[in-house]
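Chains G and R supply the protein sequences, listed in that same order.
All residue numbers for the first sequence refer to our numbering, where the first residue is 1 and numbers rise by one.
All residue numbers for the second sequence refer to our numbering, where the first residue is 1 and numbers rise by one.
A portion of the hints provided could be inaccurate.
A partial selection of chain G residues facing chain R, derived with a Cβ cut-off under 8 Å [what the hints assert, rightly or not]:
(1) I14
(2) L28
(3) S75
(4) A83
(5) L138
Honestly, the hints are just simulated from the structure, not real lab data.
Using N, Cα and C, we set each Cβ at its ideal position, and we do this for glycine too.
Listed below, chain by chain, are the residues.
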Amino acid sequence: MQPAPASPIATFAIRAAILAGVWWMLTLGDPSSWAFGVIVITLAAGLSVSLFPPSVHRLRPVGFARFLAYFLGHSVIAGVDVAKRLLTPSLPLKPGLISLPLRLPEGGPCWLLANALSLMPGTLSVRVVNGRLTVHCLDTSDSIEEDIREAEVQVARAFGITLEQAGGDG
Amino acid sequence: MVDGLIIAIQLVLLVSGCVFFALGSLGLFRFPDTLTRIHALTKADNLGLGFIVLALLPLAPSFAAGFKTLLIWVVALAASATSAHLVARAVGGSTSDSSGKENDNG
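Only chain G is shown next, with the shape it has when bound in the complex (with noise of 0.2 Å):
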């Protein structure tokens, strides 16, 4: 039922296109700069592709952006109650570590769902293994576990896979 992944080519392709805009960007658009920029992009575009091949998860672009106003906002919010923490003179922490499941598929959704919850708020991811997550928290009385599960379905959403039920308890 899974989609096949996307051919190597177009892939390559796609990557490229990308590098492309990076080196823009890092070149401040320079024409003298793309003569080298295409040797360069066409190395790294390999390199990438042999490195991580083309994967049957591939980010939808209107879920990305939605992912990506969820993670920004959140993000303050993170800060905002690190900040918070910092400066109550009682230092209000109760760290702990929480394990649960994860729905999501290995690779790439995992990856991205780990590494956006250590810049949100009160989570900071440790491992992942065998599609269960770790994470620390700085206050394990609030309300972390359905945090994690919202990330999860933006996460989700963003490379456009339906999550299945959990399965077993937390």
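We have chain G already, so just place chain R on it with the hints.
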């Protein structure tokens, strides 16, 4: 009038950016252990850098320069999330409540 407003907004963004950076560093002293300190550093610095990048955007001489400034933030975010995760993984193994069946080589 509009110029004055933009400068005022830039000033506010720059100052709050610096405040968040300072708070991130304060967290290094106030928070009790490695993992909570990483929380403070990654989150406060991420926001501080974001504010400073936003404040500098109107000063960018070209579109490419503006995107380059944004790129700095994106790359710093990726680096900060990745290094936070690596430090946490290295530290977390000893204090975790996990079953210990995994075998991290990191």
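Status of each hint after checking the structure:
1. Contact between I14/G and chain R, as hinted, is not supported at the beta carbon level, the nearest pair being about 18 Å apart and thus beyond 8 Å.
2. Nearest Cβ of chain R to the Cβ of L28/G: about 5 Å, under the 8 Å cut. The hint holds.
3. With a least beta-carbon distance of about 6 Å to chain R, the hint placing S75/G at the interface is held under the 8 Å criterion.
4. Residue-level restraint check for A83/G holds (minimum Cβ-Cβ distance to chain R is 5 Å; threshold 8 Å).
5. Taking 8 Å as the C-beta cut-off, the interface hint given for L138/G holds, the closest approach to chain R being about 5 Å.
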